[in-house]
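The sequence shown begins at 1 in full-length UniProt numbering and counts up by one.
Treat the hints with care, since some could be wrong.
DEER-style ranges, computed between Cβ atoms [claimed, not checked]:
(1) T145 x L238: 37 to 47 angstroms
(2) G37 x R246: 12 to 22 angstroms
(3) K124 x T145: 20 to 30 angstroms
(4) K124 x I211: 38 to 48 angstroms
(5) Q146 x R246: 44 to 54 angstroms
(6) E17 x K191: 23 to 33 angstroms
(7) H245 x P138: 37 to 47 angstroms
(8) T184 x R106: 18 to 28 angstroms
(9) A90 x A18: 14 to 24 angstroms
(10) E195 x L119: 18 to 28 angstroms
(11) E195 x T233: 17 to 27 angstroms
(12) E17 x T145: 43 to 53 angstroms
(13) R95 x P129: 16 to 26 angstroms
(14) P183 x K124: 34 to 44 angstroms
Once the Cα atoms are required to be at most 16 angstroms apart in a straight line, the calculated EDC-like pairs of lysine to aspartate or glutamate come out as [what the hints assert, rightly or not]:
(15) K170 x E46
(16) K170 x E44
(17) K197 x D218
Please keep in mind that the hints were generated in silico from the structure rather than gathered at the bench.
Predicted model only: the values in this text are computed from it and were never measured.
Glycine included, C-beta positions come from ideal geometry on N, C-alpha and C.
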Amino acid sequence: MSEATTVERAAPAHGREAYFSVRNVHAYYGESYIVQGVSFDVAENEIVALLGRNGAGKTSTLRTIARTDDPALMQGEIWLAGTAIHPMKAFEAARQGIQLVPEDRRIIPGLTVEENLVLSQVAKPIGWPLERIYGHFPRLAERRTQEAVTLSGGEQQMLAVARALARDIKLLLLDEPYEGLAPTIVREIEKILVEVKELGITTIIVEQNAIAALQLADRALILDMGEIVFDGTAKEVLEDADLRHRYLAI
Numbered sequence: 001m002s003e004a005t006t007v008e009r010a011a012p013a014h015g016r017e018a019y020f021s022v023r024n025v026h027a028y029y030g031e032s033y034i035v036q037g038v039s040f041d042v043a044e045n046e047i048v049a050l051l052g053r054n055g056a057g058k059t060s061t062l063r064t065i066a067r068t069d070d071p072a073l074m075q076g077e078i079w080l081a082g083t084a085i086h087p088m089k090a091f092e093a094a095r096q097g098i099q100l101v102p103e104d105r106r107i108i109p110g111l112t113v114e115e116n117l118v119l120s121q122v123a124k125p126i127g128w129p130l131e132r133i134y135g136h137f138p139r140l141a142e143r144r145t146q147e148a149v150t151l152s153g154g155e156q157q158m159l160a161v162a163r164a165l166a167r168d169i170k171l172l173l174l175d176e177p178y179e180g181l182a183p184t185i186v187r188e189i190e191k192i193l194v195e196v197k198e199l200g201i202t203t204i205i206v207e208q209n210a211i212a213a214l215q216l217a218d219r220a221l222i223l224d225m226g227e228i229v230f231d232g233t234a235k236e237v238l239e240d241a242d243l244r245h246r247y248l249a250i
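Please work from the sequences and hints to get the whole structure.
So this is what it looks like as structure tokens:
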């Protein structure tokens, strides 16, 4: 791996104006130091794959960006479209357009597909109307009256993404969206994420299936022990076997 692609702190968004910025972020779970001075920029409408081995700090970084209670942000700044996110609580960050789709999807039991979507629009600002969502997610349209927890894993993932789009969204954070899904369903999710990009939404994706994430992404960030060790194009990672083996074990 060349010096040009090995970094301690990420360079500005590779010649493009930064839309989203993380600056020297440090976060803890209790006394455990999880996110250790992470910095990076994301340009508007980019898909960025945030990669690393298990325990590298990927999910913790996403949760810190979304301003969840855990991990606790102890130092650093987070900016989205010129707005300071770091002083906010999670609900305030969501109102600014940051939507986290967690690994467990958090589908609400006892509610239909449509009721899950409608519930996402109780608080303003709202995003896509239901018919627009159904136009992009025909599987959900077919199952709108079905209890959501009875959907397949892939359909639940589609619903989780659709709920995020039902809010006014600027930055989509996806945690392990392909986990446990058949390859055919992964391809359907990928198609949806490409459509999301084409609609101008910026996305950060954490995914253990690194090859699939890299094939979708414009850029890649690699975390190791809570620090950014690579910031470059997805193509660079796909073409650098030594880099993948060292940090991703693939």
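Here is how each hint holds up against the structure:
1. T145 x L238: 37 to 47 angstroms: holds (42 angstroms)
2. G37 x R246: 12 to 22 angstroms: Holds, since G37 and R246 (Cβ atoms, about 20 angstroms apart) stay within the stated range.
3. K124 x T145: 20 to 30 angstroms: The hinted range 20 to 30 angstroms holds for K124 and T145, with Cβ atoms some 26 angstroms apart.
4. K124 x I211: 38 to 48 angstroms: For I211 against K124, whose Cβ atoms are near 39 angstroms apart, the range 38 to 48 angstroms holds.
5. Q146 x R246: 44 to 54 angstroms: holds (45 angstroms)
6. E17 x K191: 23 to 33 angstroms: holds (28 angstroms)
7. H245 x P138: 37 to 47 angstroms: Once the Cβ atoms are compared, 40 angstroms apart, the range 37 to 47 angstroms for P138 and H245 holds.
8. T184 x R106: 18 to 28 angstroms: holds (24 angstroms)
9. A90 x A18: 14 to 24 angstroms: Cβ of A90 to Cβ of A18: about 23 angstroms, so the range 14 to 24 angstroms holds.
10. E195 x L119: 18 to 28 angstroms: Because 23 angstroms falls inside the window, the suggested range holds.
11. E195 x T233: 17 to 27 angstroms: holds (22 angstroms)
12. E17 x T145: 43 to 53 angstroms: holds (44 angstroms)
13. R95 x P129: 16 to 26 angstroms: Cβ of R95 to Cβ of P129: about 19 angstroms, so the range 16 to 26 angstroms holds.
14. P183 x K124: 34 to 44 angstroms: Holds, since P183 and K124 (Cβ atoms, about 38 angstroms apart) stay within the stated range.
15. K170 x E46: Satisfied, since the Cα-Cα distance of roughly 11 angstroms is no more than 16 angstroms.
16. K170 x E44: holds (9 angstroms)
17. K197 x D218: holds (11 angstroms)
Of the hints listed earlier, there is not a single one the structure fails to meet.
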